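Engineer: Taken in order, these protein sequences are the chains called A and B.
Numbers given in my numbering equal positions in the first sequence, counted from 1, plus 4.
Numbers given in my numbering equal positions in the second sequence, counted from 1, plus 4.
It is worth saying that the hints were derived from the structure and are not from the lab.
Misleading hints may appear alongside valid ones.
What the hints assert, rightly or not - The calculated DSS-like cross-link candidates involving lysine-lysine, where the alpha carbons are at most 25 Å apart (straight line), are: (1) A:Lys141 / B:Lys16; (2) B:Lys102 / B:Lys16; (3) B:Lys141 / A:Lys126; (4) B:Lys126 / B:Lys16; (5) A:Lys141 / A:Lys102; (6) A:Lys126 / B:Lys173; (7) A:Lys141 / B:Lys141; (8) A:Lys201 / A:Lys102; (9) A:Lys16 / B:Lys141; (10) A:Lys16 / A:Lys102.
All figures in this text were calculated on a predicted structure; none of them were measured in a lab.
Number of protein chains: 2
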Amino acid sequence: MDEFTLIDRYFKHECHSANVSIGIGDDCALVNTPDGYELAFSIDTLIPGVHFFAQGDPALIGQRAMRVALSDLAAMGAEPLCCTLALVIPRADELWLKSFSSGLLEAARCFQCDLVGGDTVKGPLTISVQVHGFVPKGQALTRDGAGVGDMVCVTGSLGDGAAALRVLKGDINVSSAAFAYFTDCYYLPEPRIDIGKKIRGLASAAIDISDGLLADLGHICRASGVGATLDLSNLPISSPFAGDVSNEERVSWALSGGDDYQLCFTVPENRSRSLFQLINARKCDITVIGRIVGEQGIHCQKSGESLTSSNVGYRHFD
Amino acid sequence: MDEFTLIDRYFKHECHSANVSIGIGDDCALVNTPDGYELAFSIDTLIPGVHFFAQGDPALIGQRAMRVALSDLAAMGAEPLCCTLALVIPRADELWLKSFSSGLLEAARCFQCDLVGGDTVKGPLTISVQVHGFVPKGQALTRDGAGVGDMVCVTGSLGDGAAALRVLKGDINVSSAAFAYFTDCYYLPEPRIDIGKKIRGLASAAIDISDGLLADLGHICRASGVGATLDLSNLPISSPFAGDVSNEERVSWALSGGDDYQLCFTVPENRSRSLFQLINARKCDITVIGRIVGEQGIHCQKSGESLTSSNVGYRHFD
């Protein structure tokens, strides 16, 4: 099976978006940007042993690759349009490819993000997905707009990504129900496209939490030239299992574990009413966890008591 | 050095295009598509030992990665806008990174294709470059428009890519002047952006020659539901060195060697005047090498004598 047959068999499909003029099969993909919109795009690379388990279900690996990439569109307030895939595989293993492509395309369908092109070459397994989305001109959520006094918010709950990694590695034993929950957390993270779009015009800065809250909020703070104070008693930590894991460890996972793919964003005080309207009326899972301050760095408090943390999230090449 | 320092140190730079709203440093890059234009994009992945020499000059590897990717924009008649880089490296080797990024960014500057984002992770060396370009709406050159009777044209000369690979591998001994010429052929291929733009509205179909003329013209033929007849006496073969290589072998390289990054395109007979005006007035290096025919497949003739070739260009996974 040559690369062309492989692409035809496993990746070529009908595109759904009217904005895609040309999908897979030509030298380039071709898309239209509707008037009044900008195009946002981001590429994410996944390596076995670092970003996924090499022996994992290929369909789930495909799902994870697409969803992790889409999370960056959510962080910009963008709506998915289309994606490309650069796939390096050691051999044309048809079973693996069939399963991987079905998972990837399933996630692409789920989030209306047509696969429109890519490259497939032979080599050590590497998966790069570039996602493209639309955002109304001037309304993209960036990292650099946080101001002193802004509320710091997060979506969903934090720490499940770190817990899931340990559960799947076998470091923590959990019930079969909890195992299923964490398998979903790891392989089917929910890019918060919905919330990203709703907080356009409301949030002053936003990022998705891939490296851990402290690391990613740190990016907002550095880009905006500010710091933040967090109240850890407000930190939304999910409790899908009780047991051997201490509360301290779970707080540490929530702060520095990474892989949560929730959004962290800041909202100016004078938009607090709109924020709480959003939370209450639309039942958005958003929690206010702190404030932006003038002093650099991120300071954690719990019930008024000051804490320090040297955990700064996962970094490559450290 | 963590990934953020690495990106800041070697890849972050001032963007030149007014159409780039956000470059490196946020969750997504953000670009504007001017009214009346579509966005074309393509991703290319390079693996050491397959697409470049692992021990090669990193600056030249960076140049090659960018130029090879840009060739797909040329094939669509698109003008470069910006690119992203997904880089997998085994370790943060500063000398390598400094050199690689300087070559990549030099090529990006040369073709006005700002690097606006990417991902850098640890793993076996893999370089993926996605290029983005503009093309006036409805004017992109595609593969599927060739019609019976169209002239088959190629730019530049063919076979240098295949010769260069053999020279750099040490399979062929050449003079130091020829060695320098072939080193440039291999590492600094010229994406034919200039010609791609000029043949908008003239060519009925186009592709860039990366896998070899027969393979790539074959893509045009299959997409268009036609065949082609080539007259090999017209094949533009460059002669930078005379010596041990037979004429048959050089024709074979021109037909099936690949890595030339010239354009192959078709022009309807009723536009032949415009084609020859373009060739003569602007001194474009374009050669007519055959005709599109109704019968499937590519038939080679030389001075009227029919030939067959089982070479179909390089394919992965064969």
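Engineer: It remains to establish, for every hint, whether it holds in the given structure.
Structural biologist: Taking the hints in turn, this is what the structure says about them:
For the suggested pair Lys141 (chain A) and Lys16 (chain B), the alpha carbons sit about 24 Å apart, so the restraint of at most 25 Å is met. Our distance criterion of 25 Å between C-alpha atoms is met by Lys102 (chain B) and Lys16 (chain B), whose separation comes to about 12 Å. This hinted pair does not check out: Lys141 (chain B) and Lys126 (chain A) have alpha carbons roughly 35 Å apart, beyond 25 Å. At most 25 Å may separate the alpha-carbon atoms for a hinted pair to count; Lys126 (chain B) and Lys16 (chain B) meet this at roughly 19 Å.
Between Lys141 (chain A) and Lys102 (chain A) the alpha-carbon distance is near 39 Å, which puts this suggested pair outside the 25 Å criterion. Taking the CA atoms of Lys126 (chain A) and Lys173 (chain B), the gap is near 20 Å; set against the 25 Å cutoff, the hint holds. At most 25 Å may separate the alpha-carbon atoms for a hinted pair to count; Lys141 (chain A) and Lys141 (chain B) meet this at roughly 20 Å. Note on Lys201 (chain A) and Lys102 (chain A): the hinted pairing is violated, with a Cα-Cα distance of about 33 Å set against a maximum of 25 Å.
With a C-alpha separation of about 24 Å, the suggested pairing of Lys16 (chain A) with Lys141 (chain B) holds against the 25 Å cut-off. Taking the CA atoms of Lys16 (chain A) and Lys102 (chain A), the gap is near 12 Å; set against the 25 Å cutoff, the hint holds.
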